[in-house]
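S.K.: The chain contents come next:
Protein chains: 4
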Amino acid sequence: MTRKILNVAMIGTGFIAKAHSNAFHQTGYFFKIPYDIRLKVICGRDRTRLDAMASQWGWEETETDWRKVVGRKDIDAVDIAVPNALHAPIAIAAAEAGKMVLCEKPLAVSLKEAESMAKAVRNVPNMVWFNYRRVPAVAFAKQLIEEGRIGQIFHYRALYLNQSGNDPAKASGWRYQRGDAGSGATGDLMSHSVDEALYLNGPITDLTALTHTFFPGREVDDAVMFLAQFGNGSIGTFEATRFGIGCRNRNSFEINGSKGMLSFNLEDMNSLEFNDMTEAPNLRASRKLMVTGPNQPYADNFWKPGHIIGYEHTFIATLGDFLEGLASGKPFHPDFEDAVAVQRVLDAVERSAASRNWVKLSYPA
Amino acid sequence: MTRKILNVAMIGTGFIAKAHSNAFHQTGYFFKIPYDIRLKVICGRDRTRLDAMASQWGWEETETDWRKVVGRKDIDAVDIAVPNALHAPIAIAAAEAGKMVLCEKPLAVSLKEAESMAKAVRNVPNMVWFNYRRVPAVAFAKQLIEEGRIGQIFHYRALYLNQSGNDPAKASGWRYQRGDAGSGATGDLMSHSVDEALYLNGPITDLTALTHTFFPGREVDDAVMFLAQFGNGSIGTFEATRFGIGCRNRNSFEINGSKGMLSFNLEDMNSLEFNDMTEAPNLRASRKLMVTGPNQPYADNFWKPGHIIGYEHTFIATLGDFLEGLASGKPFHPDFEDAVAVQRVLDAVERSAASRNWVKLSYPA
Amino acid sequence: MTRKILNVAMIGTGFIAKAHSNAFHQTGYFFKIPYDIRLKVICGRDRTRLDAMASQWGWEETETDWRKVVGRKDIDAVDIAVPNALHAPIAIAAAEAGKMVLCEKPLAVSLKEAESMAKAVRNVPNMVWFNYRRVPAVAFAKQLIEEGRIGQIFHYRALYLNQSGNDPAKASGWRYQRGDAGSGATGDLMSHSVDEALYLNGPITDLTALTHTFFPGREVDDAVMFLAQFGNGSIGTFEATRFGIGCRNRNSFEINGSKGMLSFNLEDMNSLEFNDMTEAPNLRASRKLMVTGPNQPYADNFWKPGHIIGYEHTFIATLGDFLEGLASGKPFHPDFEDAVAVQRVLDAVERSAASRNWVKLSYPA
Amino acid sequence: MTRKILNVAMIGTGFIAKAHSNAFHQTGYFFKIPYDIRLKVICGRDRTRLDAMASQWGWEETETDWRKVVGRKDIDAVDIAVPNALHAPIAIAAAEAGKMVLCEKPLAVSLKEAESMAKAVRNVPNMVWFNYRRVPAVAFAKQLIEEGRIGQIFHYRALYLNQSGNDPAKASGWRYQRGDAGSGATGDLMSHSVDEALYLNGPITDLTALTHTFFPGREVDDAVMFLAQFGNGSIGTFEATRFGIGCRNRNSFEINGSKGMLSFNLEDMNSLEFNDMTEAPNLRASRKLMVTGPNQPYADNFWKPGHIIGYEHTFIATLGDFLEGLASGKPFHPDFEDAVAVQRVLDAVERSAASRNWVKLSYPA
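Residue numbers (the working numbering), protein chains in the order written: chain A, 21 to 385; chain B, 21 to 385; chain C, 21 to 385; chain D, 21 to 385.
These aren't lab readings, by the way, just hints derived from the structure by calculation.
Careful: at least some of the hints might be erroneous.
One copy or any two copies: either way a pair holds, since identical chains are not told apart in the list.
[Unchecked claim] With a straight-line cut-off of 27 Å between C-alpha atoms, the simulated DSS-like cross-links for lysine-lysine are:
1) K279 to K308
2) K324 to K279
3) K308 to K324
4) K308 to K162
Turn these sequences into a full structure, and let the hints guide you.
M.R.: Structure, rendered in structure tokens:
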């Protein structure tokens, strides 16, 4: 395989920028990608932090104005890892400059904005870092559902609980400012749960929602929950909160189908619980599959059965699939359109919470 | 302690009647009750089943007409273990005859009916078999909350999942007839979850609900879910279903408070998970308390630490506390008034599901 | 079924006597036994304790001299629940008086004594309360093994860990006196593990052992461990200790066979873990069977699937099977001969620990 | 920090060579090391495999004769990832050439050989890849023990179970040849358990062992187990097997001390169970610590609390600590001397298994 050079520009210097930087370094070792990735330039407004990031993560150059980066001829791909409100201008400018665009989730701070972004990237390769689709256990859940192993789905149940909101000191970060973040738990956490649900169980048609802020003075929601009806006839409950005291990073789902049950929790991400109701009645029980192979998603990419992977590998696998897809022509998901579908649900959630009514989701013809 | 004789009449011959019969036999061995309980008469319409029950569980006499039983001078207490729609006439008649009344849950098939029952029993000792309050782990959760160990409550999360509905053969039983049962998962399962929530977290003030029937032709709901706001400022999600494929009897709750988290699952009923956030940050984690003593509810009644109890002991403890309360004068809960509070929530759930609106709960002045 | 009266005499007033008393009351409700059991007389040396026990558990009469009880014409069965060293004289006297004999474990304080007891009871119905064979999950493990579901057994691994020894206050009880108890963790805890192993995996042929006392001055072992070779070619490790700090009552075993794995822990006694290696490689995992039915041992005796039983039901099931066996002629195990087999292993353990050599177990021709 | 160049030569092209290669690439991103690591040359006998490895993992050059590599002036460090029997000649030659030596475990195929290796490397930086010491949960266990949180240790219990041996197809690999591997489960798996035990609980003084081969014709042991006495007065059981059917990679230990319990399982490597017996009796239970920070080992190196790491990070942390130690002068463990201590135990295990006697471990004065 001859490999082309792929010059990457990173916009952002925070925690997620590290996870992305790591993926740019690592993906080539685990996936057969058609590129030699170069970490060309990293862009941030805080010079000290920018230099530290560049030094630690091996970015060749630094820049403080993202507009200059996006316009550079030598840049092939722009990766966006900044506060939500900046996603749209950067993504649109990058797409207009013909760059491949990779964007952190949630895609945007509003449905309208998301739609304009999706329109802008139509002619360039694009993806959104809903990385949890690439947890092997989540991808395996998808496979089992598609194989019909849990039959007709009746119930979908999603939780995303962390305890980040219970620290008053954190309230000053961008994630707590409406102007920067757009929303609180809704965009930050629920967006993941919704993406997973759409991926695994298809479109949501109706929902009724509640959002809540526990600490007076906060501009964004601390918690969000909704009841949903899916297009496939199943019903669901969703809850995301920054006040899930006692939970570190519980991004979980459970699915009950006519033939079985699946459940997953990101805190134990190398496992998937599966209860196969086609077994003899006295042998039916939830089994905790260790999803490290064999014959399971990404088993051939990473180590060997019984040897777990971690948080960072979900980014590596996302990037790996995206770049392999560019070579093979296999469409990659989630792209910007998929992220618009998530945004459409979040938009309905916010409208329902504001009006205290059920909201029917409308889809473009 | 001199013990009086307590002549009991049981109305009902089904599964729950067995659980109650067992409790009448056993309670004296584990609780200091002021009565010698006599299983005087059992009443049912199916003669074969009635005789079998009487023989297996040691009831002295049998009767096929509950009205005759309720009027007997020698009966002190009437225990009601029949389909829901019959609770009201029997309870009211028994109360009017001056009997002590024990009634299986849910109390009634409507709020109005429940209120009339509560009024009728005002002058006789009365209780409702919401037995799961007496799971030692649930009672211990209550104690920890009252001790302030989880601080201000932010989230309450309840599930009651079983898979009974996924068997078409079962659709013919009384639990699937609106006339007999009043509702499906709502009265059967959700009533337990609501009683536990009111017990642990106080009144619910607002809710929005969804009920659903998966199998066409069923008269009652297979599943019910709602979002709730509590009087104490916390918010909650509730779900009960007979299509929780893969779950045997998952009556569970989780509570996040400012100082910690509690979680419980009836399938593992001798345990309570507790995450104490007042521990040093590096030692914070969910601990799985085995609630078999020492210094925990009912530890002195049953066996010794490390020796678990089962489903039946929740009935024994309920009856034990009720009868001890009669001697000591300590008020017993849940009584009929507590069950009315549950019914008020179920009524709001049904109204919300029908109207697809949020419903505010109104309480009598 | 016409039922005969069975007059029972209980020798002993401690914790185990309560568990047995409960079983005598309860078994008739859950098993089809050919007897009306009468709790005729209870015998103990401490008058206060004796009266309290008789009153709480409904024994008709009391007696302080076991010899008088054993000789009574109206007694049909003698149940022995006293310190180990008294098992032999009582059992032998009861057998000589023609009584049915039920004896708490361990059978005796020495192999020789156990053999003489087994000889004495040859002509009377007899059983030993190794109650954990009747945990439904343990009986189900036996069934799965006999069905060949785990194939050829390679490894057997047993632990019995509690923390009773770490309390200096307890050192004064009879369980810490060699004269009364014979041994410490060996007879008290390891006897259960050995009985389970012989039941599930057959005879042990060779072993090397270590016993240890952590607190100076104690007469008996606090901990015992051994390596074993079984007659079926498998190998095993055994450990029992009163210094298993952090464990309440962890009587557990794990078995690896060519086709699968089983594991059990008494603290979670309604469950059995089973890993079926005949499943497709990507679906192999340990499943946690809830052994409350259907189609599992004792599912028809107690409640219904999803409704757990507790510690006491292991005694009820033991007594139920024993008494049903008397009517049906189906031999009951474990009887005194089975308990001698356990004692033979414990004897080898003690000889090996003393000599620090491997010991080969010899069986009578 | 000015960084020197560190030219590394890798001897080996198998699975472990990949894990090491990954660590050489990654360590600089997560640890503050004083080197720019260059993956200079990789050495293997199979040309096809060698080229594939070099290409996938970015080694600059290839070589088929390790002797040529070891002698190269431009090489600073030699990393040994070949079958066990080759460790000694390569390590000794590398040390004699003045190279830094990194060696995969077990260090050698005999105690004598291990001692000669330790002697050879005395004047060069050296380390052995007992990577599981650097699982954050294992390092945290060490910290808790040193802080006295579990008090005086009574019991140590180690298992290393996988199922690799139950596949006859595997019997032909070098791990099943005595000449290449030295031993089977003993060197492959038990060496890890012994290293962890010596690290956490100190020297073993006496042991009695059993080794076993289930499949006739195999040259090496499939399983090994032993009972141990430690210098600190505690006692232990150890078992390692390739016939732990149902277990993927269960490298686990449990420790009971006077104040608490610790347990760990590599399959769930981001967790450590801790039961703190200094809590109030009704709040004592095992808590499952998620060891991803804060204030836990390696929390500042990798992601953030609630975001797990995987198998590969144990190698990254091992290399990171080793290289940071070279800069800071802080001695690194495990070095070759530590690995000799492991080998001394394995040697005693083999002697005990052969003689069927207890063996007392002798230490050099």
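S.K.: So which of those numbered hints doesn't the model satisfy?
M.R.: none
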